[in-house]
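Undergrad: Listed here are the chains, written in short residue letters.
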Amino acid sequence: MLADAERILRRAAGGPGGAVAALRHDAPHFRGLSSGDAEQLRGHLLAGMERHPEARDLRPHIAEELRTSLSPVVLAGAARAARRFVPADHDLRGLLRVAAERIRIRDERVTLGVGETRTAGEEIEATLALVTDPPPRCCGGPLPRPGLDSAHAAFDLDERALLRARVEDQSGRPLELISLLRARRSVIAFFYTRCMNPSKCSLAITRLGAISRGAGKDWNLLAISYDGVFDTPAQLSAYGIERGFRFGERSRLLRCRAGWCEVRRAFDLRVGYGRATVNEHAREVFVVGRALRAMAVDADLLASCGALERALRKVEEEA
Amino acid sequence: MDIEALRQQYLQQLQTEEAAAPPPVTPEAVAQYVASDGRDDVKICQMIASLPLDRETFETSVRALLDIAADKSVGAVARLAALRQLGSAEFRAARFGPFHAEYIDLLRTLATDEDVEVRTAALERLTLTADPHALKLLSDGLQKVGDALVPAAKAVQLLARDDHGSALPIFRTLATEAKGQVREEALRALATDVKSAPLFERLAANKDEKTALRHIAAVNLKNISPPRFAKVARKLVLDENEDDKLRAAAVSAITHTPAVAEKVVTRRFATAVKKLRATTRSGALKSSIGRFSKVFGEG
Amino acid sequence: MVNVSVKFPSYDSQGRAFVTWRPVEVKLTLAGAPAGASNVPVTVSAKSSAGGGALAFATTLTHLGTPSINLNLPANGAPVSVWVGGLYPKASASYGDVVLEVRAAAGNQLLGSQALMVRVRKNADDLTAAERDRFLSALATLNGSGTGRYTSFRDMHVGGPPDLEAHGGPGFLPWHRAYLLDFERELQAIDASVSLPYWRFDKAAPNLFSRAFIGLPDSLNRVQFSAGHPLLGWVAFGAAGIQRGRGVGPTTVPALFSEAQTLNTGGSLHASYSTFRNMQGNPHGSAHMSHGSGWITSPPTAPRDPVFFLLHCNVDRLWAKWQWAAKLHDPADPRSFTPAAGFPPGHRLNDALWPWCGPLAAPRPTTAPGGTLAASPMTAAPGLSPKCRDMIDYLGTVAAAHQAFAYDDVPFQK
Chain X
2 MLADAERILR
12 RAAGGPGGAV
22 AALRHDAPHF
32 RGLSSGDAEQ
42 LRGHLLAGME
52 RHPEARDLRP
62 HIAEELRTSL
72 SPVVLAGAAR
82 AARRFVPADH
92 DLRGLLRVAA
102 ERIRIRDERV
112 TLGVGETRTA
122 GEEIEATLAL
132 VTDPPPRCCG
142 GPLPRPGLDS
152 AHAAFDLDER
162 ALLRARVEDQ
172 SGRPLELISL
182 LRARRSVIAF
192 FYTRCMNPSK
202 CSLAITRLGA
212 ISRGAGKDWN
222 LLAISYDGVF
232 DTPAQLSAYG
242 IERGFRFGER
252 SRLLRCRAGW
262 CEVRRAFDLR
272 VGYGRATVNE
282 HAREVFVVGR
292 ALRAMAVDAD
302 LLASCGALER
312 ALRKVEEEA
Chain E
29 MDIEALRQQY
39 LQQLQTEEAA
49 APPPVTPEAV
59 AQYVASDGRD
69 DVKICQMIAS
79 LPLDRETFET
89 SVRALLDIAA
99 DKSVGAVARL
109 AALRQLGSAE
119 FRAARFGPFH
129 AEYIDLLRTL
139 ATDEDVEVRT
149 AALERLTLTA
159 DPHALKLLSD
169 GLQKVGDALV
179 PAAKAVQLLA
189 RDDHGSALPI
199 FRTLATEAKG
209 QVREEALRAL
219 ATDVKSAPLF
229 ERLAANKDEK
239 TALRHIAAVN
249 LKNISPPRFA
259 KVARKLVLDE
269 NEDDKLRAAA
279 VSAITHTPAV
289 AEKVVTRRFA
299 TAVKKLRATT
309 RSGALKSSIG
319 RFSKVFGEG
Chain C
3 MVNVSVKFPS
13 YDSQGRAFVT
23 WRPVEVKLTL
33 AGAPAGASNV
43 PVTVSAKSSA
53 GGGALAFATT
63 LTHLGTPSIN
73 LNLPANGAPV
83 SVWVGGLYPK
93 ASASYGDVVL
103 EVRAAAGNQL
113 LGSQALMVRV
123 RKNADDLTAA
133 ERDRFLSALA
143 TLNGSGTGRY
153 TSFRDMHVGG
163 PPDLEAHGGP
173 GFLPWHRAYL
183 LDFERELQAI
193 DASVSLPYWR
203 FDKAAPNLFS
213 RAFIGLPDSL
223 NRVQFSAGHP
233 LLGWVAFGAA
243 GIQRGRGVGP
253 TTVPALFSEA
263 QTLNTGGSLH
273 ASYSTFRNMQ
283 GNPHGSAHMS
293 HGSGWITSPP
303 TAPRDPVFFL
313 LHCNVDRLWA
323 KWQWAAKLHD
333 PADPRSFTPA
343 AGFPPGHRLN
353 DALWPWCGPL
363 AAPRPTTAPG
373 GTLAASPMTA
383 APGLSPKCRD
393 MIDYLGTVAA
403 AHQAFAYDDV
413 PFQK
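Residue numbers (my numbering), protein chains in the order written: chain X, 2 to 320; chain E, 29 to 327; chain C, 3 to 416.
The shape of chain X in the complex, shown without the other chains:
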């Protein structure tokens, strides 16, 4: 695994996205793997980043894993990679503490190098030990707040591609995705009902549910399944109801009946597939203007209607 990871990183380093591109969930080396194997590889890739000469834009990847992952090997790898950023980064320290707490009752020993065996918790503690500054907040304190990250550049959705996308909502009603998007501004989250990590899809739909229950929004709230074959209208409906999602003309859970590949490409989705279903995915939320100008936003923005409104305004202005 270690040799595989090094080879993948070397190859990716020569590409346009740099070595960090190897961490994309839709990268070819993750294709067909089980979730467990994909996590093993991701953990090793992250660990390999610790000493890799080129690691542009690595920090958001580490932060996201520390924020959401339940996998000991991924967290151990993220802790290794985080050593590039100590001792100065206080936010990362907070995330490391939260990750250590999350793994505390289900820690496992992982081997990220020849003859090096530590538990994920020990890897995180070893990284924390490198930070000499006093901690700015304790482990129960607030995490860094999400903002409108300037790294998320707006882009135009491929209209011709989206014209081929036929979707169906939780009640089984067939719809054209492009018509939904043109009707009004939209917040779109991607998810799937079999997701095993409650900090990802379940949380996203719970947060969308909270927004759907509020009044006065003139946007669409849409969540589109990564797994449209399995996520039937009945599955979508049950999943939404369980998370307090109030369905309506502007609030729907959707699955693609046709044109999923086009949707994936149009949004440049970071989702990978194993033999059975999704094996890994990023948390992906977009704001889309009526002119089909779109922007990826931090998934934690779903916790704030105000921030979403600002993001929607920004993307409309850019259009």
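Source of the hints: derived by calculation from the structure; they are not laboratory data.
So, partial list: chain E residues that the calculated Cβ filter (under 10 Å) puts toward chain C:
1. Q41
2. Q43
3. A49
4. P52
5. P80
6. F86
7. R120
8. R189
9. L218
10. V247
11. D272
12. A276
13. T285
14. S315
According to the in silico footprint, chain E covers these stretches of chain C (three or more CB under 8 Å from chain E):
15. 223 to 235
16. 254 to 262
17. 290 to 304
Listing some non-contacts, in silico: residues in chain X with all C-beta distances to chain C over 10 Å:
18. E126
19. R161
20. Y274
21. A292
Beta carbons are placed, not taken as given, at the ideal position from N, Cα and C, and that holds for glycine.
Start from chain X and add chains E and C according to the hints.
TA: Same frame as chain X, now just chains E and C:
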């Protein structure tokens, strides 16, 4: 009834029963006995069952249990008892946390133990949390690139616990080509495989197949596509030449699955089912129809 | 025509009344008395079917009720209170197998009546076939093939942060009491005459561990049911069916702490909750592991097996029994629950219980499957978002409100 007298009587009864029960043992006593000459596996099992796993002795108990489970000089029956009690301790998640990594390591080692029961117990436990190490051992065994640590049917069952796994192509092959329990387990393992819906439909309707296999296929179909199952279920129920057990299961599934009921249950269907109740000699079918009638009336 | 209206404090949507051992205040009102008539003496009693429930009556909230009571009902129609509860230990087997009757003391004429049910949680091994079948049918409907409301119960009891909420400290028992109550109320929304039965895991349970009830595993640990059984289509996680080890059969007495060993220590009752809660390991964990293998043996997968709910019902019964034996129902008494210091959030007396309190900030769980606690038409307690403290006095021994559940062998004692 005098409730206070009852309470006093109960307190007395507790005292008597507690005195008669084997006293709790300390982890130190267990460890000492295991290290002694002439130890007896049955006695070790009894001592393990009497470990209190309480606040005061939790850590030393878990330590002793990990040592016994890892000790190959101890009989398999006692090591299995230690593993079971470690499982009990795991239910105190916060206290067990510091031991978790060592416990998983131990289970991974025991997954290739010489004793098949110990191996199976370790693999059983590891696959509950989709441990990649255990899944690889099982997959290798099934594909004959490694030792078969458990029988093939068991391996399929345990591999299928990972619904994000990579064994789906193996299951698809075994569901059509294997025989007996292996085929049954492979079919169960395809429960969420939407692409296998045509296979489920074929099997569920095929009277030449075993009833057990047809039942698995029908339940899988209900799981992934209630509308497709509804068509199959209607035929099963109304076909007088069908297996009564299968018909009973179909009636039961219609009764308890609203998404199926809304496609199947019409006044005509309910009347036909009512007639069936009067004519069938199958007790299972009668009782299934009884439950159906309570929910949907009798036509 | 003189008659008496019988008004229970709560009815369900079909006008049915349910009680436990804990009495509720019923209002009796005389109507149709001639002008100027004097008070009418009446006798309030219960008419029970064979094997049905029985009632106890008193003029105050007490465990000292009697099978009948004489009252004077004012002719002017002013209501009179009578406290009505189940007469311990005679519980109902079906709705309406006991009827409250108000008869004229003179002449024994029936003036008013109300059919009801003394609905309590019973030993699963002692259920009648009809009780068993009603429970299984409701369970199968709630399961609904793995989608819908059942999945939230599965998703509450999983690994990671939820595991710490459920098992991470002294909140273990209050958390599971709320969880079971939520589950039972969902079953009762399907069939109000159902209550959650318990698996008395320190005894053999041949009726429970049978193909007709909770099923028996085959050599591959696949649970087998009799033909037409409602749980044949059980889907808890992807694949259909239940995986359970063969550790417990019809005659098995699991090797774990008995009721006496759980409630007592060193010859006397546990003096406080802080030591009683040791039962989380043995017998609770041991009961899970008594099956040897399968879903039930691991915290994140245990709720996929329906026997899980019966197992935990017995864990809760043991707590209830200890509370009764030790007379510790008052949340304000430090012996009834571990004091606050030194435990994580969710495990202190005044902490809100997740997920009923809604999504929380990390490291507590950030999602809340299932939303608030299911409501009961019989009581407002413990509220939709209970705290640890709300789950202690479930019978309303100290508090004014009860939670509309009780156990067949744990009486109410004021």
